[in-house]
Structures are given as C-alpha cells and as structure tokens.
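A.B. asks: Residue strings, one per chain:
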Amino acid sequence: DVKVTQSSRYLVKRTGEKVFLECVQDMDHENMFWYRQDPGLGLRLIYFSYDVKMKEKGDIPEGYSVSREKKERFSLILESASTNQTSMYLCASSSQGARDTEAFFGQGTRLTVV
Amino acid sequence: AQKITQTQPGMFVQEKEAVTLDCTYDTSDPSYGLFWYKQPSSGEMIFLIYQGSYDQQNATEGRYSLNFQKARKSANLVISASQLGDSAMYFCAMRETNQGGKLIFGQGTELSVKP
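Chains as they are written, first to last, in the working numbering: chain A, -8 to 105; chain B, 1143 to 1257.
If you're looking for bench data, these hints aren't it; they were derived computationally from the structure.
Hints may be right or wrong, so weigh each one.
Just some of the chain B residues that point at chain A, by a computed CB distance under 10 Å [claimed, not checked]:
1) G1204
2) G1242
3) G1250
Note that beta-carbon positions come from the ideal geometry of N, C-alpha and C, so glycine has one too.
My request is simple: use the sequences and hints to build the entire structure.
C.D. replies: Here it is as structure tokens:
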C-alpha cells in the first residue's frame, strides 16, 4: 500500500519559533510537494522538489524554506513562525515522467501558531 | 503561468441526481494533464479521475466522468447518481509537461448531497 506520512497531525507553535514539518514517502517518487490549504483558497503550492537537493518555488514560498537531502524525505521549514502561517499543510508525492501519474497525499498537519 | 479556476464555492444536489462541478484552466503548454480529487471531512485526498490533453475521449471512472472541452479550456467533473457519501470538497488540478511534475490546484467546490 502506497504511503505518504507526515510527522505530525496537529502542531501548536509559538510566534517566532523555527518549525519543521516532515514528510516521508515510500514509493520511490521523484516529485514531492508542500501545499497549504485554507478555506476558500484551495491548495496553494509552497515548494516543489523534482529530485534530491532540487527545489522550485511555488506560488507562496515567502516565509518558508525546504530541504530534500534524501529522495524519500521532504521537509518544510518555517524559519520564524507567524500567526498568518496557521493553516493545514499537505505533503504529496508523484512519479516523474508520465503525465497521468496522480499525486499521493499525506494525512495533513494542522499547524496553529499562537 | 498556469491557473486553475473553480467558480462554485458550494453546490447542493439531491441524492440520486447528477451534478456538474466546473473547472477552467489556463495554459500555453499543449501537453498537460487534468486531475480531480475528492476531500471528505476526514481530510484525506482521494484521486478520482484523470484527463490528458491529447486524449480523444472524455475520461470516465465509474460514476465519475470528465467533460473535457479543450477549446474552452474546461474540464468539468460530472457525478452521476449522487450518493450521501459524495458530500465533500472537490479539487481540480493541472500538471503541465513543461513544468515537470508541478501540480497546481483550484480553490475547490464543496458539494453537499441532500437526502
């Protein structure tokens, strides 16, 4: 059974803290994604990685960075958490090449910054 | 720049009736793929259906079909014979070939099925 696992389901952090959201996939996928989901705004792409150590900015990268040191792991980093980063964060992975390969999602991390 | 638009924030449908969820997209890449996902209240993202830009026929998967109108750049999801379990958020997404595997989503439509 294919699996994308996010390290936490719920997280509460204080303003100014450095926050790490971890995502691991066991499907040997080349592509990994971080999205944030907010009501009325859908899923907005934060960062995308197509290979180890490779990354591309998505639509809303400000305030975030990412790390992909190993193929199976993609980390989202909030350098200094702010209240406007309170959101649901979704990680996904997909195979590269075929256009019709769907993305598989983790269960999501609901982050609250207080 | 790619863009996906879902103009219906919320929709209601009577059980056993069909419903169409709208999705329009904007791309200059001739090669792209379109996806629909379902997100129930549990939060999981469930892949429903895929349509490739070069596919000649509209995609179908069980009660789901995709009304693909390439010239109009629309990829509407049709759910036939709605069931109570179809109540969920539905997201349209697009991947352009020249963007590698980058996948962009629309704002979503919340579907409520009435008994």
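A.B. asks: Could you run down the list of hints and mark each one as holding or not?
C.D. replies: Hint-by-hint comparison with the structure:
The criterion of a C-beta within 10 Å of any C-beta in chain A is not met by B:G1204, whose closest approach is roughly 16 Å, and the hint is violated. At about 5 Å, the closest approach between the beta carbon of B:G1242 and any beta carbon in chain A falls short of 10 Å, and the interface hint on this residue holds. Interface restraint check for B:G1250: the shortest CB-CB distance to chain A comes to about 5 Å, inside 10 Å, so the restraint holds.
When the structure is compared with the earlier hints, a violation turns up for hint 1 alone.
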